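Residue numbers (the numbering used here), protein chains in the order written: chain A, 1415 to 1606; chain B, 284 to 746.
In short, the hints are calculated from the structure, not lab data. Hints may be right or wrong, so weigh each one.
[As the list claims (entries may be wrong)] Interface residues of chain A toward chain B, partial, derived using beta-carbon atoms under 8 Å:
#1 E1461
#2 Y1513
#3 G1522
#4 A1525
#5 R1557
#6 V1590
#7 G1599
#8 L1601
[To be verified] Some chain A residues flagged as far from chain B (calculated, every beta-carbon gap over 12 Å):
#9 S1423
#10 L1436
#11 V1463
#12 G1470
#13 V1518
#14 L1529
#15 G1589
These numbers were taken from a predicted model, which means no experiment stands behind them. Cβ coordinates follow ideal geometry from the N, Cα and C atoms, glycine included.
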Amino acid sequence: MKTSYQPGSQSFWMRFAFPAGLMLLIWLIQRFVYTYFWQLGFPALQEAVAWVCGLGERIFMVLAPLLAYSLAYFRGARGWERLTAGFVPFLASLLFELYKAAGVFSPGETAYYALGSPFLVFAFLVLAMSGVAEIICRIRNLRRGGQLRVWTLLPLSAILSGLAALFLMMIWGGGVHWFYIYQSGYLALFDF
Amino acid sequence: MIRDKMKIPRRVILSLIKTILILVAVVGPMELFAPTGWAAADDRKPNIIFILTDDHRWDAMSKLGHPVVETPRLDRLSDEGVHFTNAFVTTSLCSPSRASFLTGTYAHTHGVKNNLTPWNNQNVTFLELLKQAGYTTAFIGKWHMPGSLPRLRGLDRFITFTAQAGQGRYFDCPLIVDGQPTPSRKPYITEELTDYALAFMAQNSARAFCLYLSHKAVHHQFLPPPEIRGRYRGRDLYLPPESDAWISFNLNHIYCGLLGPLSWNYRKYLETLHATDREIGRVLDKVDELGLRDNTIVVYVGDNGFFWGEHRLMDKRWAYEESIRVPLIVRAPGLIRDPGRLAPQMALNIDLAPTLLDMAGVAIPASMEGVSLVPILRDSRQPGRRAWLYEYFKDFPYRIPHIRAVRTQNYKYIEYGNHRPPELFDLARDPREMSNLMGTTRGRDLLPGLQAMLEKLKKGQRP
């Protein structure tokens, strides 16, 4: 019989480092293959690779919490541990983009760059997916005999914030309105 | 005996030579220094219609062999004028390029360096100078420069929009008509602006006018009108081999608003361009209908190019050909003796203001950094410029470094303002700029000359 959630039931490596490392590995493979495959000269496969590793990387970034939570939750990962594990692909991608941005912008601009809608939308979507993953894990835990409340404020707020961010930054005016708000912030803060 | 009779006396030959020499001495300079504008031959100055589109890259025209898009009206214009196949912008970005068209100067001179730095109201535009020369002038369409709307001197009509930070909307875009907020009368922006342009032409057909018609199209979101939507669905687009469907989903490209697959965006772009071509046809037809054809200069040009996956890039800004090269067609019936010519000489956006002034018989201010293209329009043998400076300034949040480059007829050398290594391309052998010659023997041979040219151009000197 499967056991219910017991905090800290497995070692830090098994309950956090393993799920987080696996997320990082999958992201790295997708990023590496997408970045370099086109240079190998297999045009017939290139489109398929673009879908699996190009678009797939973005989709994986958002869906990563579903996988990370299912691996971390029942190994006893604490709240912040499973949340972080789910955020690993996004954080890796963010660091990669910031590294490139730092070659063009000042440190202050680079920090502000991280607040751009592409990053914020993904951050909030990952947060929303973490909320979904948490609820799924709680339902599974309940079925395994765990004693807990499934629908609490925190995961529901995470889901709602993700939807709100998606609307504000991508759907409202096709993302253009938010972009100009972001630009206004830049004009107010920096000497361009 | 007969031979002696047929012999032309030496005296006659000498007087013939003398006459020819006198004619050359007197008439030659007259021709040389004659005003290039039509004003010399006719009391009435030529009308000028300047049509500017957004993001229309140079080869997206059916006449130039594009496999999908249909541009019959632009093709017609090309057949009736001179089509510059090596036309470029000195900064491949909307606001700086637009300011360069208006002022005839580089971005580092007019000050609109990117989409953030505002227009300086002290800048002098060719519209202002034409107004001083007696023209009735109108600016209709996209202004799109940072800051509040400008106080443009010398405009009789100023119709523009401020929606979406000046980008406007394809449908139901509210306008600012001579300072008054005005709702859109027609749903589609390109058609609406064309309607205003046609009305201006009709109202002013009895006097010399200059119409500056600046479209939102074909900028993203690439929205064609309903009747054209889907026209190129299913067509093979022949996208570059290094591209793929999700280039546009690169995080640095998301700011360009290109969220869907590449081919989906590209088809919409081509459909929007086809719609724009239709509206340009309405302008050309109106010129004919008003009987103005022989006395009207029509210029068509794009504000910058656009990448569709080349170099695995989207958008513009970079110094590669797809980004910096634009369509440029000039129809001037009284001036061009060989319509339909494809001119290979390098023409720049900063050349348009001096060219229009020259054609109107107005003195070109010394402050203008471009040169008149009139000699090339008149004579296909004119060599054109040897080299020119490309510049791009940081434009947050687009992650592209400061760029300066020199482009000659056959080579391009690019320097970046960050750790990105410089690039050197042989454009004749490698037109797609895939092989950087830096570090090769050939590159080492070419580099000193190109670097020297770039340094001269940076200092404002001729190379």
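Task: Least C-beta distance between S1423 (chain A) and chain B, which was stated to exceed 12 Å - done: The claim holds: S1423 (chain A) sits with its nearest Cβ about 38 Å from chain B, beyond 12 Å.
Open item on the list: Given a cut of 8 Å on the nearest C-beta pair, is the interface hint for A1525 (chain A) held or broken against chain B?
Closed with: violated (12 Å)
Open item on the list: Take the shortest C-beta to C-beta distance between E1461 (chain A) and chain B; is it under 8 Å?
Closed with: Status holds, d = 6 Å.
Task: Hint validity - Y1513 (chain A) Cβ closer than 8 Å to any chain B Cβ - done: It is violated, given that the least Cβ distance between Y1513 (chain A) and chain B is near 11 Å, above 8 Å.
Task: Least C-beta distance between V1518 (chain A) and chain B, which was stated to exceed 12 Å - done: violated (5 Å)
Open item on the list: Please check whether the beta-carbon of G1470 (chain A) is more than 12 Å away from every beta-carbon in chain B.
Closed with: violated (9 Å)
- [ ] May I ask you to check that L1436 (chain A) keeps its beta-carbon over 12 Å from the closest beta-carbon of chain B?
- [x] Answer for L1436 (chain A): holds, closest chain B Cβ roughly 23 Å.
Open item on the list: Interface hint check: G1522 (chain A), Cβ to nearest Cβ on chain B, cutoff 8 Å. Holds or violated?
Closed with: violated (11 Å)
- [ ] Double-check G1599 (chain A) for me: the hint is only fine if its C-beta lies closer than 8 Å to a C-beta in chain B.
- [x] violated (11 Å)
Task: V1463 (chain A) non-interfacial with respect to chain B [C-beta, more than 12 Å] - done: violated (8 Å)
Task: Interface hint status, L1601 (chain A) versus chain B (Cβ within 8 Å) - done: holds (7 Å)
Open item on the list: Restraint: R1557 (chain A) near chain B, CB-CB cut 8 Å. Satisfied or not?
Closed with: violated (38 Å)
Comparing the model with each numbered hint stated earlier shows that hints 2, 3, 4, 5, 7, 11, 12, 13, 14, 15 do not hold.
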